Amino acid sequence: MVDSIVSAASVIAAAIAVGFAGLGPGIGQGNAAGQAVEGIARQPEAEGKIRGTLLLSLAFMESLTIYGLVVALSVLFANPFVGS
Amino acid sequence: MYTFLLSKIEVGSHLYVNFSDSLHLHGETVLVSLLVVSAMSLFLILGTSNLQRIPGNLQNFVEVIYDLVKSIAVTQMGPSYYSQFLPFVATIFLFVLGSNLAGALIPWKLLEIPSGELAAPTNDINTTACLAILTSLTYFSAGFKIKGIGYFKRYIKPAPFFLPINIVEDFTKPLSLNFRLFGNVVADELTVTVICSLVPLIIPLPIMMLGLFASSLQALIFATLAAAYIGEVIE
Numbered sequence: 001m002v003d004s005i006v007s008a009a010s011v012i013a014a015a016i017a018v019g020f021a022g023l024g025p026g027i028g029q030g031n032a033a034g035q036a037v038e039g040i041a042r043q044p045e046a047e048g049k050i051r052g053t054l055l056l057s058l059a060f061m062e063s064l065t066i067y068g069l070v071v072a073l074s075v076l077f078a079n080p081f082v083g084s
Numbered sequence: 001m002y003t004f005l006l007s008k009i010e011v012g013s014h015l016y017v018n019f020s021d022s023l024h025l026h027g028e029t030v031l032v033s034l035l036v037v038s039a040m041s042l043f044l045i046l047g048t049s050n051l052q053r054i055p056g057n058l059q060n061f062v063e064v065i066y067d068l069v070k071s072i073a074v075t076q077m078g079p080s081y082y083s084q085f086l087p088f089v090a091t092i093f094l095f096v097l098g099s100n101l102a103g104a105l106i107p108w109k110l111l112e113i114p115s116g117e118l119a120a121p122t123n124d125i126n127t128t129a130c131l132a133i134l135t136s137l138t139y140f141s142a143g144f145k146i147k148g149i150g151y152f153k154r155y156i157k158p159a160p161f162f163l164p165i166n167i168v169e170d171f172t173k174p175l176s177l178n179f180r181l182f183g184n185v186v187a188d189e190l191t192v193t194v195i196c197s198l199v200p201l202i203i204p205l206p207i208m209m210l211g212l213f214a215s216s217l218q219a220l221i222f223a224t225l226a227a228a229y230i231g232e233v234i235e
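Chains as they are written, first to last, in our numbering: chain R, 1 to 84; chain C, 1 to 235.
Keep in mind that the hints are not guaranteed to be accurate.
To be verified - Here are a few chain R residues that face chain C, going by a calculated C-beta distance under 7 angstroms:
# : residue
1 : Phe20
2 : Ala59
3 : Ser63
4 : Leu69
5 : Val70
6 : Val71
What the hints assert, rightly or not - Covered by chain R, per the in silico footprint, the following chain C stretches (three or more residues, Cβ under 8 angstroms):
# : segment
7 : 167–181
8 : 215–223
Said to hold, decoys possible - One-sided excerpt, in silico: chain R residues whose CB lies under 8 angstroms from chain C:
#  : residue
9  : Ile50
10 : Leu55
11 : Ile66
Honestly, the hints are just simulated from the structure, not real lab data. Here the structure is a predicted model, which means the values were calculated and not measured. The beta carbon of each residue, even a glycine, is placed where N, CA and C say it ideally should be.
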């Protein structure tokens, strides 16, 4: 009985973790991409450098989402609170 | 612990090779990473043997990789120290790149093994943890080697009350390296598997291309961060 409640709570927790972990980095990536487009429009000759920096920083922001995903995965597949 | 089976998604099940009660290893990870290491070594040996002034195809490719890794090391560590740590950064880069590409390009699902599944070695959190801990050890030893005991001044650098933050940072650095690589590889494989279970034809292809791109980018980022951590210590 307790196990099934914990399982249900874990599934909800995983969904919330992934959802909120996607929220912040989404805003951040949008900001970064917008600024990069502005920079390219203002200075088209710097496109290569801007693109490289943008991709690298996007990957850093992406990793925040990935932390949420790792927590969700560990709650779903390797839950320390369910059974033994 | 229960296994959640949806269209053969297997997270956390491995092919255990037991040596004793407490000592066992994950057979599929070791197998694939040995394969990656030997393939990479073979590629580099073939590319660098018989060097010529006008490079052939393979030598050209190896030179491109060398230039990339060298530019990462030079920009992060400066021109005077980079040559000592270039081998480490290059090894990390090539191993992560090779194992990510091995997971993305080779159709491992065709091979059945008793439990778990053959996939990228970076799909196992132990591999990425090992790489992250190696990075930590390298920057500690780099600091000691170059700065001697003055290395510890780094911990009270902006002001003495930054000491706890600086100590915690030593633990969060390998943790975030570890989770970043592991999470990206697993997320990629999970997405492809889920979409394959919904629509098995054509539709997964763009996602696979995205995964291929993302996994090469992750290798670049891991190498860049390792170089940046070393550079931060020896500055």
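How the hints compare with the structure:
1. Phe20: Not OK, violated: R/Phe20 not within 7 angstroms of chain C, min 16 angstroms.
2. Ala59: 5 angstroms, holds
3. Ser63: R/Ser63 check passes; min Cβ-Cβ to chain C is 4 angstroms, inside 7 angstroms.
4. Leu69: 5 angstroms, holds
5. Val70: Since chain C brings a Cβ to about 5 angstroms from R/Val70, closer than 7 angstroms, the hint holds.
6. Val71: This hint is violated: R/Val71 lies away from chain C, its Cβ roughly 9 angstroms from the closest one there, beyond 7 angstroms.
7. 167–181: Holds: 3 residues of the segment 167–181 of chain C have a Cβ under 8 angstroms from chain R.
8. 215–223: Result for this restraint: holds, n = 4.
9. Ile50: 16 angstroms, violated
10. Leu55: 7 angstroms, holds
11. Ile66: 3 angstroms, holds
Hint violations for this structure: numbers 1, 6 and 9, all remaining hints satisfied.
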